[in-house]
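Enquirer: Spelled out, the chains give:
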Amino acid sequence: MNLTLQIWRQKNADAKGAMETYKVENISPDSSFLEMLDILNDQLINEGKEPVAFDHDCREGICGMCSLQINGEPHGPGRAITTCQLHMRKFKDGDTIYIEPFRAKAFPVIKDLVVDRSAFDRIQHAGGYISVNTSGNTQDANAIPVEKEKADKAFDAATCIGCGACVAACKNASAMLFTSAKVSQFALLPQGRIEATERVLNMVKQMDLEGFGNCTNTGACEIECPKGISLENIARMNREYLKASVK
Amino acid sequence: MWFVKNMITRKNLMALTGLFLAFFLIIHLLGNLQLLLPDEVAREQYNWYSHLLAGNIVIEIIAIVLYACILLHLADAIYLTIRGRKVSGNYRLDKRARASTWYSRNMMFLGAVIFAFLVIHFKDFWYQYKFGTLPLDEKGHKDLYTLVVTAFGQLWYVIVYIIAIIALGYHMLHGVFSAHRTLGLYHPVYNRIVRTAGVVFSVAMTFGYAVIPIVIYIKQPL
Ligand code: HEM
Ligand code: SF4
Ligand code: FES
Chain A
1 MNLTLQIWRQ KNADAKGAME TYKVENISPD SSFLEMLDIL NDQLINEGKE PVAFDHDCRE
61 GICGMCSLQI NGEPHGPGRA ITTCQLHMRK FKDGDTIYIE PFRAKAFPVI KDLVVDRSAF
121 DRIQHAGGYI SVNTSGNTQD ANAIPVEKEK ADKAFDAATC IGCGACVAAC KNASAMLFTS
181 AKVSQFALLP QGRIEATERV LNMVKQMDLE GFGNCTNTGA CEIECPKGIS LENIARMNRE
241 YLKASVK
Chain B
1 MWFVKNMITR KNLMALTGLF LAFFLIIHLL GNLQLLLPDE VAREQYNWYS HLLAGNIVIE
61 IIAIVLYACI LLHLADAIYL TIRGRKVSGN YRLDKRARAS TWYSRNMMFL GAVIFAFLVI
121 HFKDFWYQYK FGTLPLDEKG HKDLYTLVVT AFGQLWYVIV YIIAIIALGY HMLHGVFSAH
181 RTLGLYHPVY NRIVRTAGVV FSVAMTFGYA VIPIVIYIKQ PL
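Protein chains in written order, with full-length UniProt numbering: chain A, 1 to 247; chain B, 1 to 222.
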């Protein structure tokens with residue numbers, strides 16, 4: 001396949017960026033999107049030019065690093081996949097592909113397509129954990145019975161990989177889907193109930209501080225989420241928050 | 001409420017005020033359907049009904065709550081929409097619209113249309129009734145009926161109404177569902193019921209309100 005790429009180039013956080021045009025040739029339809037970018041970078045290095053910086057790590061859809069807005073959608077045109085799981089057969093020979101970083105005030109661009117998503121880490125640090133003593137006398141995990149339905153929902157919420165696609169998909173750059181998944185995964189389990197009140201208050205507070213927008217329930221995040229995190233989690237977090245703030 | 005910086009709380013307030021406004025729509029519609037009675041009955045009954053409402057202290061209080069709801073809803077709408085605009089980014093190529101409905105993304109625009117309509121609506125009917133000098137009917141009540149029927153005799157006026165009512169319908173099509181989510185009122189079993197009820201409600205309100213000006217326009221003596 002021969003493709004034209006429109007890629008966002010930006011030297012550093014302070015520089016003004018711009019879209020630049022590149023051409024790649026003889027791309028196999030079976031290669032992944034990131035492999036296509038690797039080929040482009042080899043080409044640029046051979047020409048003595050600066051390669052395009054982009055985030056990636058596991059390349060198998062579990063780490064959440066590969067954050068790219070491809071043709072105007074987070075993780076590209078596919079549904080329920082990360083960028084590293086996107087294959088070139090999704091595109092046609094001769095296509096022009098737009099590649100931009102995820103954009104939100106809380107996700108500043110560091111370089112080219114790489115954004116700083118440490119805002120998510122700080123939300124997680126604000127309460128996305130349970131306090132247990134792990135020094136030696138660890139309890140058996142199954143000592144406390146958990147309803148199957150709740151265990152399943154908690155597990156589904158816990159599959160969030162923190163990729164940020166929900167923020168990139170949202171017209172308000174809201175981080176409610178991410179935060180609510182992290183709140184839900186604990187709120188649903190007896191082990192998580194103990195700190196439930198402070199958890200939701202602190203995580204929501206941090207979310208607001210980081211400069212994310214509010215939620216309008218458009219549902220775009222749920223559609224674009226590579227892990228299919230349900231909008232129901234947002235409603236659950238709203239309820240948890242309301243409960244916690246009247247306590 | 002400007003001091004409440006927390007977005008979930010502000011959004012809760014917006015949902016409550018929105019739902020109250022939506023509930024008011026039912027009552028308002030039921031009252032105004034009297035306009036569709038046969039001409040002479042309608043005139044007498046509608047003017048009597050308006051007179052009854054105007055003099056009632058309970059209605060006065062509900063009216064004040066209603067105005068407060070509109071203002072709070074408006075304040076939160078503006079605050080949250082501006083915040084969303086400020087913190088979200090612009091893409092050179094933006095296809096995000098594929099993932100949501102147009103009316104859920106444009107609640108502020110639909111709201112602005114509704115608000116513009118409310119200004120006209122208040123000026124032409126509410127203000128006239130309260131502060132204008134209206135002729136009296138045989139029973140000695142202010143003749144609001146004739147004022148309304150005359151207004152709806154003009155085609156452009158009917159069209160303005162229909163546009164606003166359609167905007168209102170779409171606003172609530174998303175709003176009723178969204179408000180329940182915002183208030184954390186969800187349950188796997190009731191989710192579908194809330195969704196369906198929201199759609200039925202929005203469609204019913206749209207038709208109910210649209211029918212009044214259309215029927216009056218068609219019925220008028222040429
Ligand atoms: C009779 C008039 C109105 C009714 C019945 C109504 C109803 C509602 C409801 C039920 C919601 C959902 C709240 C939520 O999602 O939590 C809502 C949201 C909203 N309304 Fe209204 N509203 C009305 C007028 C207005 C006006 C005049 C404006 C603005 C000028 C407006 C702007 C908005 C906005 C921006 C939202 C936010 C959408 C969202 O975040 O989901 N509304 N409205
Ligand atoms: S909720 Fe989905 S889209 Fe958002 S960070 Fe988690 S995995 Fe990514
Ligand atoms: S590189 Fe790890 S999810 Fe894509």
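In short, the hints are calculated from the structure, not lab data.
Treat the hints with caution; some may be incorrect.
Said to hold, decoys possible - Each computed DMTMM-like pair below joins lysine to aspartate or glutamate, with the alpha-carbon atoms no more than 20 Å apart:
#: 1; chain 1: B; residue 1: 86; chain 2: A; residue 2: 116
#: 2; chain 1: B; residue 1: 86; chain 2: A; residue 2: 14
#: 3; chain 1: A; residue 1: 111; chain 2: A; residue 2: 208
#: 4; chain 1: A; residue 1: 111; chain 2: A; residue 2: 195
#: 5; chain 1: A; residue 1: 171; chain 2: B; residue 2: 44
#: 6; chain 1: A; residue 1: 247; chain 2: A; residue 2: 198
#: 7; chain 1: A; residue 1: 150; chain 2: A; residue 2: 95
#: 8; chain 1: B; residue 1: 95; chain 2: A; residue 2: 95
#: 9; chain 1: A; residue 1: 105; chain 2: B; residue 2: 94
#: 10; chain 1: A; residue 1: 16; chain 2: A; residue 2: 140
#: 11; chain 1: B; residue 1: 142; chain 2: B; residue 2: 60
#: 12; chain 1: A; residue 1: 23; chain 2: A; residue 2: 50
#: 13; chain 1: A; residue 1: 23; chain 2: A; residue 2: 35
#: 14; chain 1: A; residue 1: 243; chain 2: A; residue 2: 210
#: 15; chain 1: B; residue 1: 130; chain 2: B; residue 2: 60
#: 16; chain 1: A; residue 1: 16; chain 2: A; residue 2: 30
#: 17; chain 1: B; residue 1: 95; chain 2: A; residue 2: 222
#: 18; chain 1: A; residue 1: 90; chain 2: A; residue 2: 35
#: 19; chain 1: A; residue 1: 90; chain 2: B; residue 2: 60
#: 20; chain 1: A; residue 1: 49; chain 2: A; residue 2: 60
#: 21; chain 1: B; residue 1: 86; chain 2: A; residue 2: 210
#: 22; chain 1: B; residue 1: 86; chain 2: A; residue 2: 38
#: 23; chain 1: A; residue 1: 243; chain 2: A; residue 2: 198
#: 24; chain 1: A; residue 1: 111; chain 2: A; residue 2: 198
#: 25; chain 1: A; residue 1: 49; chain 2: A; residue 2: 25
#: 26; chain 1: A; residue 1: 90; chain 2: A; residue 2: 38
Enquirer: Hint by hint, note whether the structure agrees.
Expert: Outcome of the hint check:
1. B:86 x A:116: holds (18 Å)
2. B:86 x A:14: holds (19 Å)
3. A:111 x A:208: Violated, because 25 Å separates the two Cα atoms, which is more than 20 Å.
4. A:111 x A:195: Violated, because 38 Å separates the two Cα atoms, which is more than 20 Å.
5. A:171 x B:44: Violated - the C-alpha atoms of residue 44 of chain B and residue 171 of chain A are around 51 Å apart, more than 20 Å.
6. A:247 x A:198: This hinted pair holds, its Cα atoms lying about 11 Å apart.
7. A:150 x A:95: Given pair residue 150 of chain A, residue 95 of chain A is violated - Cα atoms ~45 Å apart, limit 20 Å.
8. B:95 x A:95: Holds, at roughly 16 Å.
9. A:105 x B:94: Judged against 20 Å, a Cα distance of about 17 Å means the pair holds.
10. A:16 x A:140: At roughly 54 Å apart (the allowed maximum being 20 Å), residue 140 of chain A and residue 16 of chain A break the hint.
11. B:142 x B:60: With Cα atoms ~18 Å apart, residue 142 of chain B and residue 60 of chain B stay inside 20 Å; holds.
12. A:23 x A:50: holds (15 Å)
13. A:23 x A:35: holds (15 Å)
14. A:243 x A:210: Given pair residue 243 of chain A, residue 210 of chain A is violated - Cα atoms ~23 Å apart, limit 20 Å.
15. B:130 x B:60: At roughly 12 Å apart (the allowed maximum being 20 Å), residue 60 of chain B and residue 130 of chain B satisfy the hint.
16. A:16 x A:30: violated (35 Å)
17. B:95 x A:222: Distance ~15 Å between residue 95 of chain B and residue 222 of chain A Cα, so the pair holds.
18. A:90 x A:35: holds (14 Å)
19. A:90 x B:60: violated (62 Å)
20. A:49 x A:60: Given pair residue 49 of chain A, residue 60 of chain A is violated - Cα atoms ~29 Å apart, limit 20 Å.
21. B:86 x A:210: holds (13 Å)
22. B:86 x A:38: violated (34 Å)
23. A:243 x A:198: Between residue 243 of chain A and residue 198 of chain A the Cα gap is close to 11 Å, so the pair holds against 20 Å.
24. A:111 x A:198: Distance ~36 Å between residue 111 of chain A and residue 198 of chain A Cα, so the pair is violated.
25. A:49 x A:25: holds (18 Å)
26. A:90 x A:38: Roughly 18 Å separates the two Cα atoms, so the pair holds.
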